[in-house]
Amino acid sequence: MSDFITVLRETCPTPVIDATKWKRIGGDPHTVNLNAYLSNDGSKIMGTWICTPGKFEVNYEKWEYCHFLDGYCIITPEGEEPKHLKAGDVFVIEPGMKGTWEVVETVRKYFVFA
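The working numbering numbers the first residue of the sequence shown as 2 and each following residue consecutively.
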């Protein structure tokens, strides 16, 4: 029998430090991933991401859902206006988005990659 619902109430993820594959292009940003869920086939992941101020060059290969809990950042897709995002914002990033992600104030967010 397969489990269709995974309750994450009791998870105790191990912190993963500076695991981002994004290229640092400004400041000295550091990240902490608290990965709470990984699908059996490895295609979906969710957890909490924390990042100190700095700037990254990004290239999204997967869809991402984000819910900002703390902080402020500016995401600028190539050829588009910057998106200013802060605590309380919920947003989605589509695969293929290239640009920059600048953390202005330390960010803490829930994320889901699928």
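Keep in mind the hints are simulated off the structure, nothing from the lab. Fair warning: there could be bad hints in the mix.
Unchecked claim - Each computed DSSO-like pair below joins lysine-lysine, with the alpha-carbon atoms no more than 30 angstroms apart: (1) 87 - 45; (2) 56 - 84; (3) 45 - 63.
To be verified - Label-pair distances were calculated between CB atoms; the ranges are: (4) 17 - 64: 33 to 41 angstroms; (5) 24 - 107: 41 to 49 angstroms; (6) 12 - 99: 26 to 34 angstroms; (7) 14 - 88: 20 to 28 angstroms; (8) 90 - 62: 17 to 25 angstroms; (9) 77 - 8: 36 to 44 angstroms; (10) 42 - 109: 22 to 30 angstroms; (11) 58 - 115: 19 to 27 angstroms.
The beta-carbon is built from N, C-alpha and C at its ideal position, and this holds for glycine as well.
**Request:** Please flag the earlier hints that this structure goes against, numbers listed from lowest up.
**Result:** 4, 5
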